[in-house]
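Quick one: dock chain against chain with the hints and give me the complex.
Residue numbers (our numbering), protein chains in the order written: chain A, 18 to 378; chain F, 3 to 178.
Keeping only pairs whose Cα atoms sit at most 20 Å apart, straight-line, the calculated DMTMM-like set for lysine to aspartate or glutamate is:
| # | chain 1 | residue 1 | chain 2 | residue 2 |
| --- | --- | --- | --- | --- |
| 1 | A | K298 | A | E272 |
| 2 | F | K89 | A | E364 |
| 3 | F | K152 | A | E20 |
| 4 | A | K21 | F | D33 |
The set of hints was computed from the structure by calculation and includes no laboratory data.
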Amino acid sequence: MSEKVLMKGNEAFSEAAIRGGSRYYFGYPITPQNEIPEYMSQEIPKYGGAFLQAESELGAINMAYGAAAAGGRAFISSSSPGIALMQEGISFMCSAEVPLVILNVSRGGPGIGGIHPGQADYNQATRGGGNGDYKVPVFAPSSIQEAVDLIYEAVELADYWQNPIMIFADGILAQMMEPVILPEFKPEIKYEDIKKLKPWAITGYGDDDANRVTVKSLRMQPEDLEQHVDYLFEKYAKAEKELVRVETLGLEDAEIVFVAFGTTARITKEAIELLAEEGIKAGLIRPISLWPFPYNAFDQISDKTKVVISAEMSMGQMMQDVKIGIGKRFPIELINRTGGIIPTSLEIAQRASEILRTINN
Amino acid sequence: MSTHKIFFAGSGGQGVLLIGQMVTYAAMLEDKASTFFPSYGPEMRGGTANCTVVVSEKNVSCPLIYEADYVVAMNLPSLIKFEPLVKPGGVLVLNTSTTTQKAERTDIKVLEVAANDLALELGNMRVSNVIMLGALVRATGVVSESSIEKVIDELIAKRRPEMREINVQAFNLWKE
Chain A
18 MSEKVLMKGN EAFSEAAIRG GSRYYFGYPI TPQNEIPEYM SQEIPKYGGA
68 FLQAESELGA INMAYGAAAA GGRAFISSSS PGIALMQEGI SFMCSAEVPL
118 VILNVSRGGP GIGGIHPGQA DYNQATRGGG NGDYKVPVFA PSSIQEAVDL
168 IYEAVELADY WQNPIMIFAD GILAQMMEPV ILPEFKPEIK YEDIKKLKPW
218 AITGYGDDDA NRVTVKSLRM QPEDLEQHVD YLFEKYAKAE KELVRVETLG
268 LEDAEIVFVA FGTTARITKE AIELLAEEGI KAGLIRPISL WPFPYNAFDQ
318 ISDKTKVVIS AEMSMGQMMQ DVKIGIGKRF PIELINRTGG IIPTSLEIAQ
368 RASEILRTIN N
Chain F
3 MSTHKIFFAG SGGQGVLLIG QMVTYAAMLE DKASTFFPSY GPEMRGGTAN
53 CTVVVSEKNV SCPLIYEADY VVAMNLPSLI KFEPLVKPGG VLVLNTSTTT
103 QKAERTDIKV LEVAANDLAL ELGNMRVSNV IMLGALVRAT GVVSESSIEK
153 VIDELIAKRR PEMREINVQA FNLWKE
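Okay, chain F solo, but in the shape it has when bound (with noise of 0.2 Å):
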């Protein structure tokens, strides 16, 4: 596939602008053209954060999208806005530690992650985020797992470099 298209949803701190920078960022380092746009509006403390990721072959022509490849929901608002625009034949990664109910959809594929707790038992409540993101990439290829490393490096170990091994591991958390 030439064009990846991704929705990255959840609430307000869960870290889903974080992980979709990184996968613009890994793409970059891989000479793919690539646009981050994050929905903006008036600031609400526990309101709901997402952003559209394009990482392309070609030139990317348009940084909005209507419909996904991939959809990573960190929680259930996101599951129900979001579900409906994956693609048939594409990819929901859903964070189950979050979501009281399951996805609906039999036309795409459905990774379920239980990303909060296995964030706890990593020992940080705040790597769920980078957790999915590994199951995001190991299932889609969207970009390669050496690249999201060194975007480790780049935007989480350079401000805060005791946090590199948790997100390494976290990273490489989740296995099919």
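The shape of chain A in the complex, shown without the other chains (with noise of 0.2 Å):
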């Protein structure tokens, strides 16, 4: 077992990245998360890996598009503005079969915005923000370790599914420090086994015979794409059977039940310890997955909870599967802050306990 390090967000998520086994990462700048093309610039070439600065975050999409059909394991990371540039190379990833693992260290939108923490990219992490049918897991982490642990497995996972992971992190887990055990390094896959584990992807003919592979998102004939379309559908549907992540915290006997992810879950729970020092309990449900979303999960809220509040930074993006969740069993009510201003548990417990007063009057 490793020992326990006290590090930054960014450098800790950069460090899970090349233990999981990634080896490309491609990026542009753009803050809150410069400090990982630093740590990359510096570290993954140490691993026979390759840095490199795109012109632009389309540019870096499609540099990872590039070396992961050649089976090479990619890894990007930008925040919220970039990472809608990068929409289209999703889109043609997940088409075309191909594993990356991408995070999100997102901030506050539309727009350019600002550089301080945001959700609003649910919906485009969620629902695609580029063309067509396609999905792709998304797994927002609340603590570094939770990041580290995710980003870590999300590396294999994209290989499992071939198809694009997104980690959706925030500007406080990017920016703060905490301790994290780091993960073992992940044994090196060497080039000639790439051919075995991905017949896939273009290596090249070499010496031997192999069938001439092709890497592609279109297909002219109807027939074929809608085919393809139902294929993938297929293994989505299998990813949400197998890839749906939560937490959930004292829902037996909660009069309010909360639903947050990511930096705000964790805030939302010293609120809970806020309410109960009024007497008033609360529980978390806690989606780790964000597609697949935890919809199962609602069905534990027990008759005893008069409201369930969706608690986001974001204009209530995370409501609406939450209202797919709980159907019209119970009401739905919205704590949020956005533009980059982070809501205090003090302010969470307050409205919250406001909220109730309101219903049970």
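As structure tokens, then:
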């Protein structure tokens, strides 16, 4: 077991990607994730990997597409407006079934927005910001340790599902420091093994008589394309069953059930303690996978609950999924801040307490 | 107290982020949960810098705070901004070398430390932050003195061995 180290979020995320096996990093600077390209430029070449600063985010995603299509394990990171620019490439890679780990250190929007933390990329991440029918599994860590573990695992998951996997972090997790245990280095994958492990990858003919392989997202025949979309959605249906991750807290006797992810969930946990001091029982559903969303967790909410509150740093983008999860069983309210403002635990507790008072009267 | 919430504030270059990290690191060495969150923004010369540190016996849930058990204020703007955020009964460590006004609160404990003057007496202005840290640690017990000495070795002396001694002296300077 490794020792605890104190690391900044962005540096720990980078180290986790390297230890998980990522060897090709492409990026373009944007706050609040700039320590990632800085760290990668120093560290990834030490493991035989490559760091390249692209000319733009569009360049970065397409370089990652190329590296991954050739069988390499690629990792890219950016922040909200930069991730928006990458959507075309993400759609192409989903269609072409090429693995990738994408980290979004999200910030306030819309437009170029601001540089402070935000969660308003929820729809972009879970509904797909690119064209066509496709899905990207999205995981939202709420601590640096959880982010490290998810990024490390995502390298394997991307290969297994032959699809991009997104990690949805925010400016707080990226900029803060906390103790973390780093996982062991995954064994190196040799170039000769890629042909066996990834028969779909474009590794070149070499000396053998391997079949020609093509990585593409263009299908001119409608029947051919429809068949491909159906095939992709069979895969996504399986992912919807297997990739759900959720943490629940105190649902049995909660009067208020919060739904919150990422840093907002951490703040909400403290708000739950503040409410307990007032004698109000509150619980939490923390989606770790944003797609697939943990709809089934909502069945655990008991009849003692009077209201479900979605706490977010957006105008209620996740609340749409909360509505699907609870149907008409409970009233739903929103507690939110935008613009890069982080709600405090006191603010969440006070607003929740007012909401409960209104409902009880 | 099972959770200690601290703001460290000053101007860029006064080393407030370093002493915030030192407390976070020391807490980790003591197997406590700890988080460090720096303010971040467009960088400016002479701009303000502050960070939030939470040290807890239990799992830290929230790395952000709206009030503090302790505040370390290295300059006047920090005093004005953060004095109102100290919890009643809390501790304010104030650098009186750079502040022309006194703290107003009477329901908190105020430690007046002429950190810049003391640092100059030691021979290096740059250790004023560690003098403030010494006052905070001895007044509050947020982490142990021996943990901070280990952190001086790890975070300072590894890169700058010649700076070890003066930092240890600076840390041990302030006594109530």
